[in-house]
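The residues making up each chain are set out below.
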Amino acid sequence: MTSCTEICRSILLKRMVFNTHSNIAIPDEFLEHQNYVFNLLKSTVVNGENNSALLIGPRGSGKTMLINSVIADLEATCNLEKDYVVIKLHGFFQTDDRIAIQEITRQLFLEEETANRTFGSFSENLNFLLDSLKVADRKTAKSIIFIIDEFDQFCQHKNQTLLYNLFDVCQSAQAPMAVIGLTCRMDAISLFEKRVRSRFSHRQIYLLLKPDFQKYNETFVSLLRLQPSRELKAIYVRSWNKSAEDLAQDPVVQGSLKKVFNLNPKLRLLQNILLVALSRLGESHPFLSSKDIVTAIESQTTDCKTLQLQGLSVLELQLLLCMKYLDKIYFGEPCNYEMAFYEYTKQMKNSSMQKFDRQIAMKAMEHLETLELIRPVEGISSSKVQKEFVVYNILVTSEQLSAAISKYPGLPTEVKQLADTCL
Amino acid sequence: MDFEWIGDPISVNEAVRQLTPKPKTFYKTCKYLGTEYNIGDHVLIANSEADDPESFCYCYVASLVYMYEMKSNKKDPFRAQVQWYSRVEQLSKNFRKDSVHPPLDDAWELVHEGQRYKGDISIETIFDKCSVLICEENEVPRGVGKQKKLCTFFCRFALGPKNSRDLISVKESLAKQVADITAKTLVDSSSAINQSDKEPMTPRRVSTRCRKMSENENNYSGLYPELLNTPRSSTRNRQAPRQLDNDKNESCVPSASINTPRSSRRNREPSLSVDNEDNESNVPTGPVNTPRSSKRIKPRCLDETLPSPLKNSTFSISSNKTKELCIVIQRCKVTPNKEISAKEQDQTSKVKARKKLDLETPGTPAKAVEEKTPKKPKRAGSATPCSTQKKRLRLTPAISSRSGNVTEPTSPLGEIRRRLHVAAVPQTLPCREDEFDHIYNYVEGKLADGIGGCMYISGVPGTGKTATVNEVIRVLKESQTEGDLPDFKLIEVNGMKLTAPQQIYVQIWNQLTGSKVTADKAAKLLHAKFSTNGPRHRPTVLIVDELDLLWTRQQDVLYNIFEWPNRPKAQLTVLAIANTMDLPERLLMNRVSSRMGLTRLTFQPYKVKQLQTIISSRLENVVSFEPEAVEFIARKVSAASGDARRALDISRRAAELAEKGNHNISSPTKSPSKRGAHFSKSTVTMQHVQAAIEEMFSSPKLLAIQACSLHEQLFLNALVQEFNRTGVEESVFDQVIRQHYTLCDLEGMSRPNVSELLSVCASLCSSRLILSEHGRNDIRQKVRLNIGIDDVTYALKCL
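If you read the protein sequences in the order shown, they are chains A and B.
For the first sequence, position 77 matches number 191 in this note's numbering, and the numbering has no gaps at all.
For the second sequence, position 760 matches number 1412 in this note's numbering, and the numbering has no gaps at all.
Just so you know, the hints here were simulated from the structure itself, not pulled from any lab data.
Do not rely on the hints blindly, as some may be mistaken.
Unchecked claim - Some chain A residues judged to face chain B by a derived CB distance under 10 Å, without partners named:
| hint | residue |
| --- | --- |
| 1 | Ser175 |
| 2 | Thr178 |
| 3 | Asn241 |
| 4 | Thr416 |
| 5 | Glu513 |
Since this is a predicted model, take the numbers as computed values, not measurements.
Just so it is clear, CB atoms sit at the ideal spot from N, CA and C, and this is done for glycine as well.
Please model the complete structure; the sequences and the hints are all you need to start from.
Here you go:
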């Protein structure tokens, strides 16, 4: 028999992964926007109006959540579900108009069992789609709701053919449809070609919200909160919820959360952190502790370069230090292998450490390059230059280097001293 | 050339003779490529626009009304006046075809065209004879189809009067024509007598009509070529028995016709034809030579003819009764029900099916039907032409329909919103009257003169270019249905709706003929079409929207579009629409811009007054907009772009806001100043407009900055600091980090690590508050602000 902890763990993990948190409501500030979009779509569905709008908000601000809830509302509204078709496009899936048009046709005519039809050329498809939209009668045809995610990506398509045609249908009396674009670019409208811009209705809905730590904390609790159910005993649920609330009030957790919040107040990061923390739960460890949260936050926010540097060999670290030193002396000018190696031999003159010869140092340098800790300067083609003289930029900051060196196990003291002088 | 006239010239009605001033000699019979054609015969005419001009899937069908020789026309002296029949697929979409029962047969049914087209053709385009059965509305005759090399069509309907879209019974239509003519000639002749003998033979009424629409005259006079002037030539009488003999011979050996390849059809004798000329010799019509006397005699002459049931084939339709009789008799003679057994018929159809790339496998239902019931020629016939087969496989473009109809908005402001939608088509286009006149006169002139030309229309988006052109076309269509203008074919293409410039050929060809071909093929076909003047050539109006997108390196597409109108036979008028005024100079080669000509029209952006008129014309008598509000919108828009769409969008949004506003006001509190609430209910005020403009055009940069996380704001601040330090807008990421760390120290916060700062930078970049290089450059990427420095400092100060 699975214990309550197990059940609780699996419920919460699912919630973090699949975004199935029904208890995260749309912020009050967005209710007005939600209403606006709902009315817009409703007038398309009920009155056969043609509308277009852009939802603009930074990543993680809840654009998709808002549109999904609007669609859900629309479904819930009495007997409308037969009057419209929702067509969802995504700028990263439909990377050109050809694919997008095939996808639209597929989604539009799915009901008519045309799945096994082979599609013709791009122009045939486009004409077919446009004809379909043209012959559709405003009074009798189903309304079509286009929801276009990553809308800005569609602006990169050749001639913006798809956007032009969608907006052209919108602004002329053809099939009833609504085009809702979701984008995180504030300047999305300026991406439109002038003809496309003229046809767009200029309805822009900005989803911008000042971050609020109080709300963030509440979200943290509500993400963890459980509802009593058949499998979960009420008494367990109560004690779990209590522990979650206590955890949120814990000053250590609060401090770490505040740090995360200052960087990135998005829900998604919080979910990831909780995912890591929750996976530690078990029979011996039934409730989340503040330590779990702190380590989870650390795991999500550690500097990846520092970790990478800790796995380098001593020679590679020395070379990097030499290059960083040169970088400092020459005010950020790039340096090549010869310079770095000369610096290295100079450092090694009075050293008791093992000295490596040119070939081995060259290998180490190449390894650094494959790790992209150093990078050849752009614009100078490396094929024409002998590899000893290819100039590199160093992509590691001195903070990252010193952090790595302080954590490096068993590093010779000479290297540490070198690091002190170099950085 | 294998052409000769048979028999002596005949004399015709003066009205017919005067159609063109040039001297003509009329004949009754001719022989072309071994086949004899008589007046009244039904013939197949090559369709030069089709892939295979002489395939009977695509050819035209007509009956000969007159044949004449025009000596002055050196190239093409042998000509004929014909009465057209339309194939079902050639019918314009406007006609209500679906209301017909039994449904129209795509393959073998014809529709009598009445007086819609001018029927003057060159005899050389005729390539074969055929027969046409005139039937009742609801009957589908037997024996249609291609049998023994002779195509038999049937005809149930005729096109209605000029501006109707209905199909009417062909019998009624023909009977009506007869009645008209009879009445007319009676009046005419009497008036002619009453006046004086000096008066011209054709009374004024007829002659004016004739000048106006020459085809009219041809048609009604064409109904009785023999009645008007029937010098029965001896050749013809001699001819008839031989033909009959032939018929008999052929019907005895039906297998021969099945096996003969199609190419031999030219050399064969007219067989099983509709001609019943031996009977005709019984018709007691005396030779009437002068047109004047013909007019007087005609009514009597008509009466005399009526009882003779075996008048020349289907064409001698005088009254319903006689027609029926005529058809009955004819069918007995012509339809090969008895001569050709069902088995043989089956064989023929099999041969045909193989020939036509029929997609059906043997034994499919359609075939079975054909074998079992040859009585249903509808089904059997439909299996033959390949075009219908292809069409059936194509998806029909359609959107699935909704459960109920849309409901119109009921609230007064909802009505306004509907009217203010950019898609709402206004009754008139205000403020574009001059441009409208300009385009209308141009196109009308070209159409009336039967020549081609092109016009370049330019203007910034939203200035009503396409709307005006559409309006012109609408008015032209109207005046065409009223009969003031010749029929023209409209083709609309939009550069934005094409995937490649060359696709325009496909589109044009598709709209011309309804068939789909590849771009290269379409280009060739269009070249051929616009350089020859085939029969039934109609003037064409081509609207090319978004012309600039048709630009290619070679400019061959643009070259062709502007080359075609310059060809003498094309009769093509091109209206090219684009945004840029100086496109010809800037983008086009000399040889293209030279062909484009100098007829240009520029749509200026709308001025304040015009925008005001446009909005208020849409509002009409609904006084829900404050005049100041309208003026405010007009001023705002005209200052920015002069785009009418923007003005409409703003006013629509303002109406929405007003609607929403009075919901909010009226619902929670009822008491405070009922009058004020009522006032706001029906009006859109300045505030609403202001709010709408604010919403649509302001970019909420301040809000966007304030919505950033703390470190994002610090990063923006660090960028500003870095700019202040270096004076260069662009800075490298690792330099910004230094500033960022300093700021962190100042604020007393812990320093975030580099990975975190990179993600901060990426998130700012995704909303385009800053611009950065590709993330591949890591800490060396260049970063710059995408908003004003003042905006940043102001927004951060406000916090």
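Task: Cut-off 10 Å, beta-carbon criterion: hint that Thr416/A touches chain B - done: 7 Å, holds
TODO: Mind checking the CB of Thr178/A against every CB in chain B and telling me if the closest is under 10 Å?
DONE: 15 Å, violated
Task: Restraint check, 10 Å cut-off on beta carbons, for Ser175/A near chain B - done: 8 Å, holds
TODO: For the hint on Glu513/A, just tell me whether its beta-carbon gets within less than 10 Å of chain B.
DONE: 7 Å, holds
Open item on the list: Restraint: Asn241/A near chain B, CB-CB cut 10 Å. Satisfied or not?
Closed with: 7 Å, holds
Going down the numbered hints, you'll see the structure goes against just number 2.
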